[in-house]
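Engineer: Got chain A sorted already, so can you dock chains B and C onto it with the hints?
Residue numbers (the working numbering), protein chains in the order written: chain A, 1 to 396; chain B, 1 to 264; chain C, 1 to 375.
Incorrect hints may appear among the rest.
Said to hold, decoys possible - Label pairs and their computed distance ranges (CB to CB):
hint : chain 1 : residue 1 : chain 2 : residue 2 : range
1    : B       : Asp36     : A       : Gly293    : 21 to 31 angstroms
2    : A       : Thr65     : C       : Phe110    : 36 to 46 angstroms
3    : C       : Ile122    : B       : Glu151    : 29 to 39 angstroms
4    : A       : Thr326    : B       : Val18     : 57 to 67 angstroms
Because the hints were derived from the structure by calculation, they are not lab data. Where is the CB? At the ideal position from N, CA and C, for every residue including glycine.
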Amino acid sequence: MTTLDTGPAAAPRPSFFNDPVIRGIVYQLVVAALLIAFIAWIVGNTATNLAAQNKTTGFDFLWKTAGFDISFSLLPWTRASIYWEAFLVGITNTLLVAFIGIVAATILGFTIGIARLSSNFIVSTLATIYVETIRNIPLLLQLFFWYFAVLKAMPAVRDSIVLPLDSFINQRGIFVPKPIPDPQFGFVWIGLALAIIGVIVLRTWAKKRLEATGKRFPVFLSSVAVLVIVPAIVWFISGASVAFDPPVLERFNFKGGLQLPPEFVALLFGLTIYTASFIAETVRGGIQAVSRGQTEAAMSLGLKEGDRLRLVIVPQAMRVIVPPLTSQYLNLTKNSSLGAAIGYPELVNVFSGTALNQTGRAIECIALTMLVYLTFSLLTSAIMNWYNARVSLVER
Amino acid sequence: MTEVSATTQDRATPHMTVSKTNVAIEVIGMHKWYADFHVLRDINLKVMEGERIVIAGPSGSGKSTLIRCINRLEEHQEGQIIVNGTELTADIKRIDEVRREVGMVFQHFNLFPHLTILQNLTLAPIWVRGIPKAEAEATAMHYLERVKIPEQANKFPGQLSGGQQQRVAIARSLCMQPKIMLFDEPTSALDPEMVKEVLEVMISLAEDGMTMICVTHEMGFARQVANRVIFMDQGQIIEQNEPEAFFSNPQHERTKLFLSQILH
Amino acid sequence: MSDIGFVRADLVPAKPAPNRTSGAMAWAQKNLFATPVDTILTLLGLLFLTWIVPPLFNFFIGHAVGPNGTVEECRAIDAGACWAYIYSEMEFFIYGFYDIPQQWRPNIVFALGAMLFVPLLIPKAPFKRVNAILFLVVYPVVSYFLLAGGVFGLTEIPTEKWGGLLVTLIISVVGITLSFPLGIILALGRQSNLPVIKTLCIAFIELIRAVPLITILFMASIMLPLFMPQGTTVDKFLRALVGVTLFTSAYMAEVVRGGLQAIPRGQYEAGASLGLGYWQRMYFIILPQALKHVIPGIVNNFISLFKDTSLVYIVGMKDLLEAVKTKNDSALEWQSANTATTGYLFAAMVFWVFCFSMSRYSMYMERRLNTGYKR
Numbered sequence: 001m002t003t004l005d006t007g008p009a010a011a012p013r014p015s016f017f018n019d020p021v022i023r024g025i026v027y028q029l030v031v032a033a034l035l036i037a038f039i040a041w042i043v044g045n046t047a048t049n050l051a052a053q054n055k056t057t058g059f060d061f062l063w064k065t066a067g068f069d070i071s072f073s074l075l076p077w078t079r080a081s082i083y084w085e086a087f088l089v090g091i092t093n094t095l096l097v098a099f100i101g102i103v104a105a106t107i108l109g110f111t112i113g114i115a116r117l118s119s120n121f122i123v124s125t126l127a128t129i130y131v132e133t134i135r136n137i138p139l140l141l142q143l144f145f146w147y148f149a150v151l152k153a154m155p156a157v158r159d160s161i162v163l164p165l166d167s168f169i170n171q172r173g174i175f176v177p178k179p180i181p182d183p184q185f186g187f188v189w190i191g192l193a194l195a196i197i198g199v200i201v202l203r204t205w206a207k208k209r210l211e212a213t214g215k216r217f218p219v220f221l222s223s224v225a226v227l228v229i230v231p232a233i234v235w236f237i238s239g240a241s242v243a244f245d246p247p248v249l250e251r252f253n254f255k256g257g258l259q260l261p262p263e264f265v266a267l268l269f270g271l272t273i274y275t276a277s278f279i280a281e282t283v284r285g286g287i288q289a290v291s292r293g294q295t296e297a298a299m300s301l302g303l304k305e306g307d308r309l310r311l312v313i314v315p316q317a318m319r320v321i322v323p324p325l326t327s328q329y330l331n332l333t334k335n336s337s338l339g340a341a342i343g344y345p346e347l348v349n350v351f352s353g354t355a356l357n358q359t360g361r362a363i364e365c366i367a368l369t370m371l372v373y374l375t376f377s378l379l380t381s382a383i384m385n386w387y388n389a390r391v392s393l394v395e396r
Numbered sequence: 001m002t003e004v005s006a007t008t009q010d011r012a013t014p015h016m017t018v019s020k021t022n023v024a025i026e027v028i029g030m031h032k033w034y035a036d037f038h039v040l041r042d043i044n045l046k047v048m049e050g051e052r053i054v055i056a057g058p059s060g061s062g063k064s065t066l067i068r069c070i071n072r073l074e075e076h077q078e079g080q081i082i083v084n085g086t087e088l089t090a091d092i093k094r095i096d097e098v099r100r101e102v103g104m105v106f107q108h109f110n111l112f113p114h115l116t117i118l119q120n121l122t123l124a125p126i127w128v129r130g131i132p133k134a135e136a137e138a139t140a141m142h143y144l145e146r147v148k149i150p151e152q153a154n155k156f157p158g159q160l161s162g163g164q165q166q167r168v169a170i171a172r173s174l175c176m177q178p179k180i181m182l183f184d185e186p187t188s189a190l191d192p193e194m195v196k197e198v199l200e201v202m203i204s205l206a207e208d209g210m211t212m213i214c215v216t217h218e219m220g221f222a223r224q225v226a227n228r229v230i231f232m233d234q235g236q237i238i239e240q241n242e243p244e245a246f247f248s249n250p251q252h253e254r255t256k257l258f259l260s261q262i263l264h
Numbered sequence: 001m002s003d004i005g006f007v008r009a010d011l012v013p014a015k016p017a018p019n020r021t022s023g024a025m026a027w028a029q030k031n032l033f034a035t036p037v038d039t040i041l042t043l044l045g046l047l048f049l050t051w052i053v054p055p056l057f058n059f060f061i062g063h064a065v066g067p068n069g070t071v072e073e074c075r076a077i078d079a080g081a082c083w084a085y086i087y088s089e090m091e092f093f094i095y096g097f098y099d100i101p102q103q104w105r106p107n108i109v110f111a112l113g114a115m116l117f118v119p120l121l122i123p124k125a126p127f128k129r130v131n132a133i134l135f136l137v138v139y140p141v142v143s144y145f146l147l148a149g150g151v152f153g154l155t156e157i158p159t160e161k162w163g164g165l166l167v168t169l170i171i172s173v174v175g176i177t178l179s180f181p182l183g184i185i186l187a188l189g190r191q192s193n194l195p196v197i198k199t200l201c202i203a204f205i206e207l208i209r210a211v212p213l214i215t216i217l218f219m220a221s222i223m224l225p226l227f228m229p230q231g232t233t234v235d236k237f238l239r240a241l242v243g244v245t246l247f248t249s250a251y252m253a254e255v256v257r258g259g260l261q262a263i264p265r266g267q268y269e270a271g272a273s274l275g276l277g278y279w280q281r282m283y284f285i286i287l288p289q290a291l292k293h294v295i296p297g298i299v300n301n302f303i304s305l306f307k308d309t310s311l312v313y314i315v316g317m318k319d320l321l322e323a324v325k326t327k328n329d330s331a332l333e334w335q336s337a338n339t340a341t342t343g344y345l346f347a348a349m350v351f352w353v354f355c356f357s358m359s360r361y362s363m364y365m366e367r368r369l370n371t372g373y374k375r
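Here chain A stands alone, though its shape is the one from the complex (with noise of 0.2 angstroms):
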């Protein structure tokens, strides 16, 4: 055996180029470099064919007369409106249709996605049907197929099909009475309220009285309970009405009553159905993701159906469903964009569309309307993460 050197001999320096720490820095700059060149060139390129065209660049143009119409807006919206506003009434437009088409998906996509997990085969079959039918289809046709083959496809103004409770569907989108609550009607909300203050403490006291003498109460039942009682005893006490306001043929057009326009429904409509049918696939994965040992185990404990769901089943499942369903969520405030194509007045279609062609502006436009889906994004994106490190299975 030889004695080896174990004295602390400097390693030998690479050369300059062969060093790795030297050879990253030298392909970052030339990266780096690259790029901006790229952008140097793109730059100049948009300002040379910017001046050519005559056309300025700035932000000033927000605050400028729109002077073009909005078929539709929650915001009080007139042609004298300027463009900042435009911008805010596109945002809102796209907000509503996203909100409501969430809320529907969610509930669409959560029933099938149990149907489909069911053991009645003409169930499960109907929920396998809608999802492989929905998801193979795009949705920009789907929207059209709802847009001018159903709802374009109504009877005239003159002709419109009746529907039950002085409501009316034709051409111009469905009318429904609008209803309008008297002053009184105020307290009726103060009562509704109260009783979901009123089902939280319930809900507390429950829990305690469970675990300090083991007595269950039965929390969902006296819920709804609470929630329809207390805001009827407030309505009859307070006497408030509401009026509904029908509408009314007239010579061209209904008069008074809720119009919903045939854009927003059918963006509606085609938005909750397509996304319906992945957030069914994800609820599928995620209950199937549970394994079947747990319900086993939880049968085995002797615990009923309803709480092996409920403390055992649903708990593990929604870990697993909530984070591809967020980003469904967001396909779907994505993907309200499409109504631009069949003229429901969202973001892009207001300010990437109409205010675009008006001002020529087309760098600033699109930057804005790009800002505001980066906005959501990173929002859902930040709330996931806190959700997910609050949730997140500890493993050794």
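Structural biologist: What follows is chains B and C alone, placed relative to chain A:
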């Protein structure tokens, strides 16, 4: 197979008492099919209170299916299963009644991963038995001490080793104060060095006179604590006997073959 | 206690299951009438089927007007789908305004594509590498010259005339083949430990994934010409392709990243210990394994892309959906109550057939890969 330490071996058997009159489980002429496949054929079995039974047999012989029928995780199609005087039928009330009194330990533990160890143990006592939380927690700590891991009470199952998880699973069943315990290959998913700690818990349970049915390949355990060893093959009980006689003098050809394979 | 000794003398033979566990009755009992709730659901389901199936059947087949029907039949009061309209406009739906005498050119492109693509999908087919190079490199070049013409004595046909299914297929195939290498580079960049490169890749991927495709298409169609030096014109078709490719590459990068993360560290270390450089390690060891893992993900991406191609309609491209919509709106000689519906249903069926078969393929590959893992 793992040898259980000499000390535990010495204190085994003597004071374990088997009731002569009280029947814990009775299975009469039971058959079960999976679709067209006849998995359990003409099973007859009577288990007295305090009896400890080991079921052995090659894989696919129906051992697990048999004990899963006893708390109706599987449904049987013919014959009778009577547990603690309650006959198992499609009646959900009876099934719940039986499941409350019968504890089960699974091969893959099946702890609830989203709950802490303590919550795993108190879940069923609170929601099924209606025991106040404080009391349920006290009981849970008692059993955790018994399986020698009280310090893990506030951890999650994912943070425990396999052996620890299986001991928690046993404690979880015990918290329901069951009259009968079923073990479905409780040690086969464990690393060898963890088998012993689980077997020791099972042995101490046996010493307390718990009625037990264990599906296991641990023949050392069978020799030491079982009153009876049952050998199954092709969905039927081929042979049963006291452990001594069963291991030293197997009668049936299939038993001999099986034992020669498993005991080297 | 030797009375417990028991030895079975004769084995119990297997008996057929009682009716309760096998046969049609048992099946119905288990899958249709297991509980009272199940029975109600079954009845509701049957009610729903009897309500919905006859009208659907009548619309699609029963009262539908066949390929050789006339518009008068389509206008009949209880007429169903007007398949005659689809049949007579089929050429337009497939080729758009592509010159009719020249339609043999797209036909050759279709046939070549199928010949090269199908063996690529079959895991056991030989010559994968050659096949892939032919499909990904040679085929697009050949197809471009065949379709656009202007060389070898072929008449020039400008892209404005291309349309229908032809355009849908071109955009999706080009989109996927270009976004694939781009996605790999982005994924590698995201995994890189060089901070500048990593940040750039993350920023690009996350920005693209955050915004809707339609805004990217707007950007490509409106802003791309602005970015180019003065005087250059960018073909409309090319703009859409750039938009679609950038969009898909971000999603592709995320799929590939999943594959890269699934490769055990040992593989990287083994590669390094063999003295391979970064690119050699990636090319010979990591990517082949990673990509194999994510074939289902890639196929799913392809399905999304295929559906998303319909959005190019919004920036004025003429794909299948546009062709159908144009005819629905403008074919006065076929106007009837069901023309538009029939047109959209036809387009839906075309998209569905492509997407559904791809999703089945992706599921098949997933199963195959899973079993490959176990061994």
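Engineer: Each hint: holds or not?
Structural biologist: Here is how each hint holds up against the structure:
The supplied range of 21 to 31 angstroms is met by aspartate 36(B) and glycine 293(A), whose beta-carbon atoms lie about 26 angstroms from each other. The hinted range of 36 to 46 angstroms is not satisfied by threonine 65(A) and phenylalanine 110(C), whose Cβ atoms lie roughly 53 angstroms apart. Range check, isoleucine 122(C) to glutamate 151(B): Cβ separation about 58 angstroms, and the 29 to 39 angstroms hint is violated. For the pair threonine 326(A) and valine 18(B), the beta carbons lie near 58 angstroms from each other, so the given range of 57 to 67 angstroms is met.
Hints 2, 3, counting from the list given before, are not met by this structure.
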